[in-house]
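There are 2 protein chains.
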Amino acid sequence: MTITPERAADRRDPLTAQRLHSLLAPESIAIIGASDKSAWSQLTFKNLRDGGFTGNIHLVNRRGATTHGQATYTSVGELPEVPGLAVVLTSGTAVPSVLDDGAKLGISNFIVLAGGFSEGGAQGQALQDHVVATARANGQLILGPNNLGFVNTWGKVSAFSHFTPAPMLTGGVGLLSQSGALAIFLLPFLQSRDVGISHAITLGNEAMISVTDGLEYLLHDENTKVIALYVEQIRDCARFADLAGRAREAGKPIVMFKVGRGKTAARVAAAHTGALVGDDRVIDAVCRQQGVIRVESMEDLAVTAGLLDGYGEMPGHRVGFVTGSGAMCALISEKADAVSLTLPELSAETVAALREDGLPESATAQNPLDVTGVVAVDPSIMYKAQRRVLNDPDVDIAVFNSQLPQSKEHAAMSSAMAEETILSAAGSDKPVIMMGFLPVESTEFGRQWRRQMGMAHLVESYDRGVPALARAIWWSQRRRDLAAVDPVAPPAVIARPEGTGDWTEADIGAFLGGHGVPYVPATVVGSADEAVAAADGMGYPVVLKIASRDIAHKTDVGGVRLDLADGEEVRAAHNDILARVGAAQPAALISGITVSPMRGRGTELLVGVVRDPDWGLVLVVGFGGVLVEVLRDTALRVLPVSRDEVRSMLDELRGIEVLRGFRGGEAADLDAVVEAVHRIALVAEGLGDGVEELEINPLLVQGDRVEALDALIRWSDSPS
Amino acid sequence: MTITPERAADRRDPLTAQRLHSLLAPESIAIIGASDKSAWSQLTFKNLRDGGFTGNIHLVNRRGATTHGQATYTSVGELPEVPGLAVVLTSGTAVPSVLDDGAKLGISNFIVLAGGFSEGGAQGQALQDHVVATARANGQLILGPNNLGFVNTWGKVSAFSHFTPAPMLTGGVGLLSQSGALAIFLLPFLQSRDVGISHAITLGNEAMISVTDGLEYLLHDENTKVIALYVEQIRDCARFADLAGRAREAGKPIVMFKVGRGKTAARVAAAHTGALVGDDRVIDAVCRQQGVIRVESMEDLAVTAGLLDGYGEMPGHRVGFVTGSGAMCALISEKADAVSLTLPELSAETVAALREDGLPESATAQNPLDVTGVVAVDPSIMYKAQRRVLNDPDVDIAVFNSQLPQSKEHAAMSSAMAEETILSAAGSDKPVIMMGFLPVESTEFGRQWRRQMGMAHLVESYDRGVPALARAIWWSQRRRDLAAVDPVAPPAVIARPEGTGDWTEADIGAFLGGHGVPYVPATVVGSADEAVAAADGMGYPVVLKIASRDIAHKTDVGGVRLDLADGEEVRAAHNDILARVGAAQPAALISGITVSPMRGRGTELLVGVVRDPDWGLVLVVGFGGVLVEVLRDTALRVLPVSRDEVRSMLDELRGIEVLRGFRGGEAADLDAVVEAVHRIALVAEGLGDGVEELEINPLLVQGDRVEALDALIRWSDSPS
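The listed protein sequences derive, respectively, from chains A and B. Anchor point for the first sequence: position 683 equals 683 in UniProt numbering, and the numbering is continuous, going up by one each time. Anchor point for the second sequence: position 405 equals 405 in UniProt numbering, and the numbering is continuous, going up by one each time.
The following block holds chain A by itself, in its conformation from the complex (with noise of 0.2 Å):
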């Protein structure tokens, strides 16, 4: 992705919840640039319409013509009121003369349609900064420009200048969209799957109001009760963050469609951490830290954001699904799996009820359950199932495949089904999910049959509901999990060391071991005599290397020397060593030589730290070797990190079965692995501005020991 960075001119305070509100929630709404001919004006003034609002609707048009069957204005200036928004359709080159005008009525609010700003080049980005400065100068607030407005539903304004339903279904989905063009499908669709919205807000080119803006706003508004965003870019990191934070606090999910998957930034890397951090996977890690919702698609986005609206916070993450059919628990069972929903073994007490229910003997009873024909014949089969699976104690959630009727002559052959099907929900402390089978649109007549039945909502189908309810859940554990930690204290500050620049491979080992980092011994020896000394203190074998701050290769000059199994063997390679690296670099300066035990056949992890221009410090864990690397199994997360956060970094790694023990290994201590990594990204977090990048490669895991054998730092002011 390329960051567009943050021009001084776009610099400013945080809007204020309250300065939005009275943008996205006029009493009186003037159209400039009204007129017959004009698509965008005949949309925007039948979205207005339709969708209930109750104030003056002015039109300005310059020539005064009747206009959508109402006489018109031909300039701001004669407006009968002052308008609480102005909806802007003229050219952009004319928009700061209409932000002149209206300083004089004093009208506060505005949107503007027209394109050729800062998404245009620098002719247009100039145009931009010109509006901005002039709407400042005034003290207005313009949403866009190149938008196409926004819905607030409770407050009936459909200031949206496309086809859109109106009036949307009132909901608690607020939407922020960077994309106009996604908003013309999204509103619609959104419809269609009887998702309701409290907003919908496009946001151009964000020149005065920002995503985090509408993430603030969102966050304040009590008809909100889930934030969905589509994001192709977040400017401001920092508070990005911190607002995720607190709508996680405030039980408001926040679900998010970002695009740019696999798009890496070029990045300045010595070693290989830097390699392994994509700014998507960067984003990834800041929406698990702070219990974002990431989803691949709009469908995605608008199923989970319903879904969460209508059942809110998942008590628990054990789930019983009741079907009738076996080809569908199949299916449901397979994506359940695919998303690591928990389907418990029915309890042997409800197994046996249903039996007494008169499940038939073909029919097993597990989860899910297939209820099986046998409904045909007697539907309180399914009815009583439905109870006992949702009375299960080990069941903390139960989803019962339903639909809505698109007709009156449909509704009367399912109604007395699905009544009793919404029965067995109520007063149910457990939530109770109606989860259609694949997706129908709901028609007129089937949102109000739901509302009628006190249904809360229908996901549309299984293959996006059963992710949709995994995601839920994943959310809900999420908060309770960060609301019972507790806060974590900055690391001690550590100063950066003199010298750095002369440092070795062991006077970096010196350094992460002053600072808790397990490092394999290391003692950097001057002659035979001392080697061997060195060597015999320790214990065979030994490693031999050469240590010099102008050796990045150390093998290749012959300068290392491994598996020396006694005092003679370490006085012939020490004197080895020195005479085949005089010979391949002359002018080096030598240290010394490093004596170190030789380690055995282990488990080789890399850790690592590096700094992303945007989140700051990101930590990296994942396995060693080329052929790993290529694999990328890898997890990462951008400090500070708590312990309980490093080991669900392991648990993410597919390869973690390994430290677990594959196929009679040795198991490793996972604990001491977590100590080990929590360290290092202490010491990363201690150093702060100083370090740009820290890597430990590998980090050696045999059973409980837990060492680094080889790491690099590289310093902010180092050359790249």
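To be clear, the hints were calculated from the coordinates, so they are not data collected in a lab. Quick caveat: nothing in here was measured; it's all calculated off a predicted structure.
Treat identical chains as interchangeable: a pair holds within one or across any two.
Below are the DSS-like pairs computed for lysine-lysine, each with C-alpha atoms no more than 25 Å apart in a straight line:
| no. | residue 1 | residue 2 |
| --- | --- | --- |
| 1 | 408 | 37 |
| 2 | 37 | 384 |
| 3 | 156 | 46 |
| 4 | 430 | 384 |
| 5 | 46 | 408 |
| 6 | 156 | 252 |
| 7 | 430 | 252 |
Put chain B on the given structure of chain A with help from the hints.
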């Protein structure tokens, strides 16, 4: 997956297409067990009538009561003509007598709705056996039992006993479903996506008509252009593979949704290969080899089949997209990337022409192409751009964003634009695919409008459409690739050698080496002098290993010595091994000591062949090592395989980058790897029934040296 073994009672000759046709296209129909009280009866009668059935519909009701507004017969014997099909809605136990009564009249074809047959335990199985025996004796054919019937749109027969749109839209998709319940949801979904069908056949218990019978029928049915399968279990695997190959050759894509992911049979496996081969992964391999498109949801089944029915075989793989929004381009681009769809750069000529046509400088002339909001001012820029992209020499397939109007009003606003878009496509010999952005149900108005406009099909959404297009391209390429390949002659039969029970690793190596598998040199010696002579001949360093059929874990008993640098070390090691093994396992039969050259570091592959009970010998290629095994980076094929197919297996491995020379590492000679793997496959195939499992672990790859270092063979009668 638990495979129900094929029972002797079920074995029979495949049905001819002609025989099945007589059931699926009857000229008159009787409903036996018709009743106003039965929903099944109501719906069957209604579907037949609404579906436009033109023949007689006779009703048999025990009491002769007027039913569905029509006079009835009290018994089958009273029917005034021989119906071409009898839909039997009676209880299961009454079915044998219905068949016998039908036989007296001469009725040959039946649908049996009732359940309680083979799906209902031993008693049900006995009833089913009796029913099948009766039908066979009478020369009758039964669809089901325990099914919902079928729809034949071209023949106007909606013999379906549940809710379904009637008439279903005629079209080219032939559907076979092993679940009736899923068909209840899928049929309206297909209709809502404007996907026309030729047949939809639910198979129930497949007592007499199996999914392979249905497949063969649809292969011959001229109205069927695409075959869609919902499958839970394939019983006749060899016939399925054969029919799949014939369908591909005939240009009829098969799109299959099969449940069973994640299930693994418990398999006898002496080595690793068995554990790496899950049943479902074998089915994936069969699909890949035969060109069967496997999808992961009902929605994808419908969308992929619809796209293929509408647009047929794809002539190439390079796709040009034209849309009206940058955000849509970003989303499409990411989705395309996720499914490896090729979006070529637009040619310089196309870019120049787009600019000439008025594409603004602010719009990047890229693929996917965003024509930008300028189309609001001049819509012709959109049509011109569509034509330019379509005519780009680097584009094989164009995709235009489009939608169906839902009503007359909607059409009035968008028809002109859509018409021009459709005109853009007319006359081109390249496929031009119309694709929506988010799914919208088609209305009767929209479907008629589409046909009037001459639009072949509208693919519902990019999120399902882009992957569906990738699948269609894959199928088309696979079809061409396989058509270009000469049939492979079966390999030479290899007789199982004598005395394999006593074989040591060296014997296996000699056997494989003798059949062209590159195997590290290995000489079994009987004395230290011979060991030194052998090592001198090979060059140092060498490895010594104990050679004994009785010792499985050589290292554990001190039976392996690595990296021996000269004759002195070899001599010492030889005697050391004999001493240690003699102490650890004095009763072991020692054949000698194996001397081999010591190989350095390289990439270790695992190449294995294992017998699958359904599909025969399966070849597995993956990376060696515990961590890689955990990450499950393997590719599978059913034997036989060509060298090209082996090459494509390597390309499937995520770790292939390592073989290609990752981070400056040595690139492997992939041709040599392919040759070695192919040789291994030929040996296994040559051994045929004689072998259960053959595993090379590792096959060491070092640049252009590819060598098996160790191998294992489990012969057919070996103890497991």
